[in-house]
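Visitor: Now for the letters of each chain:
Number of protein chains: 2
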Amino acid sequence: MSIDNKRTAPIGVFDSGVGGLTVTREIMRQLPDENMVYFGDTARVPYGSKSRDNIIRYSRQIIRFLKTRDVKAIVIACNTASALALDVVKKETDIPVMGVIVPGARAAVQATSNKKVGVIGTEATIRSKMYSRTIREMDPDVEVIGKPCPLFVPLVEEGFAKHRISEEVIDYYLASMKESGIDTMILGCTHYPLLRSKIMKYLGEEIRLVNPAYETAMELKVLLKELGIQNVGKDIDPDKQEESCANGSYEFYVSDAADKFKHFANSILPYDIRTTQQINIEEY
Amino acid sequence: MSIDNKRTAPIGVFDSGVGGLTVTREIMRQLPDENMVYFGDTARVPYGSKSRDNIIRYSRQIIRFLKTRDVKAIVIACNTASALALDVVKKETDIPVMGVIVPGARAAVQATSNKKVGVIGTEATIRSKMYSRTIREMDPDVEVIGKPCPLFVPLVEEGFAKHRISEEVIDYYLASMKESGIDTMILGCTHYPLLRSKIMKYLGEEIRLVNPAYETAMELKVLLKELGIQNVGKDIDPDKQEESCANGSYEFYVSDAADKFKHFANSILPYDIRTTQQINIEEY
Numbered sequence: 042m043s044i045d046n047k048r049t050a051p052i053g054v055f056d057s058g059v060g061g062l063t064v065t066r067e068i069m070r071q072l073p074d075e076n077m078v079y080f081g082d083t084a085r086v087p088y089g090s091k092s093r094d095n096i097i098r099y100s101r102q103i104i105r106f107l108k109t110r111d112v113k114a115i116v117i118a119c120n121t122a123s124a125l126a127l128d129v130v131k132k133e134t135d136i137p138v139m140g141v142i143v144p145g146a147r148a149a150v151q152a153t154s155n156k157k158v159g160v161i162g163t164e165a166t167i168r169s170k171m172y173s174r175t176i177r178e179m180d181p182d183v184e185v186i187g188k189p190c191p192l193f194v195p196l197v198e199e200g201f202a203k204h205r206i207s208e209e210v211i212d213y214y215l216a217s218m219k220e221s222g223i224d225t226m227i228l229g230c231t232h233y234p235l236l237r238s239k240i241m242k243y244l245g246e247e248i249r250l251v252n253p254a255y256e257t258a259m260e261l262k263v264l265l266k267e268l269g270i271q272n273v274g275k276d277i278d279p280d281k282q283e284e285s286c287a288n289g290s291y292e293f294y295v296s297d298a299a300d301k302f303k304h305f306a307n308s309i310l311p312y313d314i315r316t317t318q319q320i321n322i323e324e325y
Numbered sequence: 042m043s044i045d046n047k048r049t050a051p052i053g054v055f056d057s058g059v060g061g062l063t064v065t066r067e068i069m070r071q072l073p074d075e076n077m078v079y080f081g082d083t084a085r086v087p088y089g090s091k092s093r094d095n096i097i098r099y100s101r102q103i104i105r106f107l108k109t110r111d112v113k114a115i116v117i118a119c120n121t122a123s124a125l126a127l128d129v130v131k132k133e134t135d136i137p138v139m140g141v142i143v144p145g146a147r148a149a150v151q152a153t154s155n156k157k158v159g160v161i162g163t164e165a166t167i168r169s170k171m172y173s174r175t176i177r178e179m180d181p182d183v184e185v186i187g188k189p190c191p192l193f194v195p196l197v198e199e200g201f202a203k204h205r206i207s208e209e210v211i212d213y214y215l216a217s218m219k220e221s222g223i224d225t226m227i228l229g230c231t232h233y234p235l236l237r238s239k240i241m242k243y244l245g246e247e248i249r250l251v252n253p254a255y256e257t258a259m260e261l262k263v264l265l266k267e268l269g270i271q272n273v274g275k276d277i278d279p280d281k282q283e284e285s286c287a288n289g290s291y292e293f294y295v296s297d298a299a300d301k302f303k304h305f306a307n308s309i310l311p312y313d314i315r316t317t318q319q320i321n322i323e324e325y
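Top to bottom, those sequences are chains A and B. Our numbering puts the first residue of the first sequence at 42, with every later residue one more than the last. Our numbering puts the first residue of the second sequence at 42, with every later residue one more than the last.
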């Protein structure tokens with residue numbers, strides 16, 4: 042592929058299901074001219090309770106699929122897959138592959154004043170200690186407190202994000218975190234930003250929440266620029282630039298239940314998905 | 042296989058994960074001398090939010106696997122797979138295959154006095170209307186009210202069955218059911234019996250709960266006897282017969298996270314699982 046073709050080639054983004062759409066949303070906002078191909082592994086969601094071997098196998102299959110769509114770079118928009126599979130698949134893949142852990146860790150290290158950082162995520166993400174290791178490589182003085190919150194994903198997936206029940210579950214999981222003395226907490230699962238306002242209300246304003254989705258889009262922007270493969274887009278009237286969002290062309294694929302996914306996506310994206318295509322990911 | 046070999050051959054039981062262990066527990070109680078091979082599809086759980094095509098594909102793979110273990114009959118101990126796949130796989134399989142819907146429906150028809158029956162289950166089970174159709178084939182005068190309760194499965198899987206949060210979720214899903222005038226309600230998902238006492242407390246004693254696991258074990262007993270392939274077992278002192286439970290030999294297989302499964306299984310079975318083997322179900 043020539044550099045010019047590479048510029049207009051899409052970015053591949055994948056997640057275990059709908060959670061990665063919070064990353065997609067940030068990419069649409071910060072890189073409005075980039076084209077995207079999203080894959081949500083709705084047939085095998087959730088990843089958070091599964092073994093490393095399976096998460097690596099799933100990630101390899103999805104990367105093989107995304108490469109058939111001629112993507113120029115891949116974002117693993119899933120904390121569990123970033124924690125368990127990124128190291129392995131990055132080495133095997135001839136285009137840039139980035140995850141959400143390094144950007145999230147970097148933002149937390151920059152945000153913390155008292156060097157006490159909390160991380161919430163799936164069982165697999167927390168068990169992997171990947172956030173903890175990455176943060177301490179950046180600053181060995183930072184203490185990291187991890188807490189798995191496995192019920193948050195089904196709460197979001199089943200539409201309870203704004204319901205009182207979520208408040209009870211937040212209290213159940215985060216009571217000890219609230220008392221731990223952290224000043225920064227990473228939302229270490231792409232579903233959790235959808236519970237952000239309730240978590241923020243519960244923890245109070247003294248604890249700063251880091252959403253790796255935002256930082257990931259920022260790092261992707263830097264990476265594409267460094268490699269000279271960012272999509273320049275159409276000429277935009279500078280006065281109207283702030284309004285530009287989601288100008289790219291977007292394709293959405295899932296491994297199951299395409300309609301349910303589309304409905305969810307349309308409720309959170311600044312862009313109306315018209316079609317979502319179901320594929321058999323086990324064939325890749 | 043000769044009839045004598047068939048008698049001692051195991052019964053294959055499968056579910057999307059741990060839920061089917063409530064059926065296994067009933068088979069251990071009511072058919073204590075039968076050997077069993079259990080498969081829990083922990084890599085692809087939950088089934089309740091997935092499409093019919095995938096549920097049929099998963100069921101076919103699992104039946105192929107169970108047949109390699111020389112099972113004499115198969116129990117689909119999962120309401121979603123019973124609702125969506127039983128009709129198809131039954132025709133393709135040369136040994137008896139039974140599900141949990143017909144036994145559950147029959148028990149509800151026998152239990153109801155006012156001919157108003159409630160059914161709770163996964164989204165896929167309720168959407169299939171399989172309970173409704175089966176009940177009305179048995180008695181066209183029975184009115185069936187279905188309600189999907191998708192958060193019940195993760196609540197059970199994440200260990201909230203006895204927690205106050207479950208009471209809130211029960212209230213959220215079942216408030217309309219409580220006011221609907223039903224006198225009988227089917228626990229149409231194998232996870233739900235683990236929430237039984239809380240559901241019973243919430244609905245009150247006027248509404249009778251049907252657990253298809255119990256009825257499925259009873260129908261399996263009748264089926265094996267009719268076919269002359271029940272395992273006769275060792276001679277048991279009739280005075281001690283009531284104590285006999287789980288005398289068979291049991292094998293447990295999963296598609297992921299064998300240790301988590303074993304831990305859960307040991308908390309609900311009248312039998313201590315020593316080993317659980319992980320297999321790659323996609324190879325079958």
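No lab work stands behind these hints: they were computed from the structure. Any given hint could be a false lead.
All copies of an identical chain are treated as equivalent in the list; a pair is satisfied when it fits inside any one copy or across any two copies.
Claimed, not checked - Here are the computed lysine-lysine pairs in the PhoX-like style, where the Cα-Cα straight-line distance is at most 20 Å:
#1 Lys301 - Lys170
#2 Lys188 - Lys301
#3 Lys301 - Lys242
#4 Lys156 - Lys303
#5 Lys108 - Lys301
#6 Lys303 - Lys157
#7 Lys262 - Lys203
#8 Lys157 - Lys47
#9 Lys157 - Lys262
#10 Lys157 - Lys219
#11 Lys108 - Lys157
Here the structure is a predicted model, which is why all the values come from computation and not from measurement.
Visitor: When the structure is checked against the list of hints, which entries are broken? Sort them ascending.
Guide: Checked against the structure, the hints that fail are numbers 3, 4, 5, 6, 7, 8, 9, 11, while the rest are satisfied.
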